[in-house]
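Peer 1: Sequence:
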Amino acid sequence: MGLPDGYLASLSDNLAPYGLEYGRTDELPGGLTELTFTTDPEGFARQHPQLGVEFSYGESWPPPQLRLVLDFDQRLDPLRIEFETVDLLAWTASTDAALRNRLNTLDDPSDHAAAVAEAFDQILTVADPDDNYLD
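At position 58 of the sequence shown (counting the first as 1) the number is 58 in the working numbering, and the numbers step up by one without a gap.
Calculated directly from the structure, the hints in this document are not laboratory data. No residue lacks a Cβ here, since even glycine has one placed at the ideal position from N, Cα and C. It is possible that part of the hints are untrue.
Stated by the list, open to error - Derived DEER-like restraints, expressed as beta-carbon distance ranges:
id, residue 1, residue 2, range
1, P62, S12, 38 to 48 Å
2, R46, G2, 36 to 46 Å
3, L124, R24, 20 to 30 Å
4, S56, D26, 34 to 44 Å
5, P29, T125, 19 to 29 Å
6, E59, A114, 36 to 46 Å
Kindly produce the complete structure, drawing on both the sequences and the hints.
Peer 2: Okay, structure coming up:
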């Protein structure tokens, strides 16, 4: 089953402000569909140091690219939406139930694309916990 018409274009448009570009679509075993968006690691890490992606790679920094991966099952229900070390489905489940609900369905493809970008924006704007330590 293919992705809904216009979904990929809408998702690309919504993620472009964050420097994410469409990389590829793969059909995986079991009928899964995987979308990958990528960005330049060094530029992204400089712009968003609070996310800690450089630290997460340790001595193998920098990778060729940073990746946002979206996996869908045969019915196109989202199974995974991850950017490097952040699972956006799990993160929104604990921080924003309404946004999580929007991420969990592809019934409205343009809303899902907007929700992915909104969740991505939220992980980038979370304050560094060290900023409030011992305040």
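Peer 1: Please name the hints from earlier in the document that this structure breaks, with their numbers sorted from lowest to highest.
Peer 2: 1, 4, 5
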